[in-house]
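Engineer: Sequence:
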Amino acid sequence: MSDDLIFREVDEDVRRERYETMWKRYGAYAIGATVLIVAVVAGVVFWQDYRLNERQEAGAAFESALDRLDAGQAAEAAAAFDQIAASGPGGYGALAEMQAAAARAAAGNGTEALAAYDRLIADGELRALHRDVVRLKAALLALELEGGDAAVQRLGDLPDGGGVFANAAREIRASAMLAKGDRAEAIAELRAIAEDANATARQRDRVRNYIMALGG
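Numbering (our numbering), first residue to last: 15 to 230.
Derived from the structure by calculation, the hints contain no laboratory data.
For glycine and all other residues, C-beta sits at the position ideal for the given N, C-alpha and C.
The reader is advised that the hints may include incorrect statements.
What the hints assert, rightly or not - The following label-pair restraints were derived from C-beta to C-beta distances:
(1) Ala89 - Asp219: 37 to 43 Å
(2) Asp137 - Gly230: 36 to 42 Å
(3) Leu143 - Asp219: 24 to 30 Å
Produce the complete structure using the sequences and hints provided.
Structural biologist: Next up, the structure:
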């Protein structure tokens with residue numbers, strides 16, 4: 015699958031992401047009504063990379079685990095993904111590990127999920143585009159659990175690299191700046207998105223509303 019096609023899939027799947035980060039209140043400005051949803055249901059993306067070349071039995075097990083996660087059976091899904099990661103054929107390891115982390119976060123085990131994301135970020139064998147997806151998910155979870163500095167650390171240079179997820183990463187970094195009380199820096203991040211010719215019209219409209227709400 016080409017990177018362009020992966021990005022289109024991500025753009026669709028981002029709407030279904032389970033992890034939502036609320037913009038922090040700053041003074042009289044509240045950005046609580048609009049949620050920032052930028053992480054990806056990466057199982058769908060990775061799965062489409064591998065599914066045609068792997069055994070049917072493992073594929074059925076993976077789809078069954080996804081169904082459990084979608085049904086709200088997060089703990090059971092995590093266990094199923096762990097088993098696939100340990101015994102499935104090549105190509106399933108990182109995919110199953112990432113979905114297991116997402117399932118643990120959904121089950122309320124955020125610390126374990128974040129540790130799993132960190133291991134994937136450090137995995138030198140993981141495809142760069144997929145590592146970027148993990149960075150987004152890890153940064154959102156870190157923002158919730160550990161605060162702004164931890165979120166920025168997980169993003170690394172993703173917001174400044176000019177890749178397909180740069181603006182999504184900038185939005186998370188803006189949220190991190192607000193969490194740290196740095197309103198001016200948050201507005202600067204948002205303005206960078208609003209002025210980026212590569213940003214979608216929806217992204218630009220959204221961040222302009224954020225800037226107005228922050229008094230920028």
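Engineer: Of the numbered hints stated earlier in the document, which are not met by this structure?
Structural biologist: none
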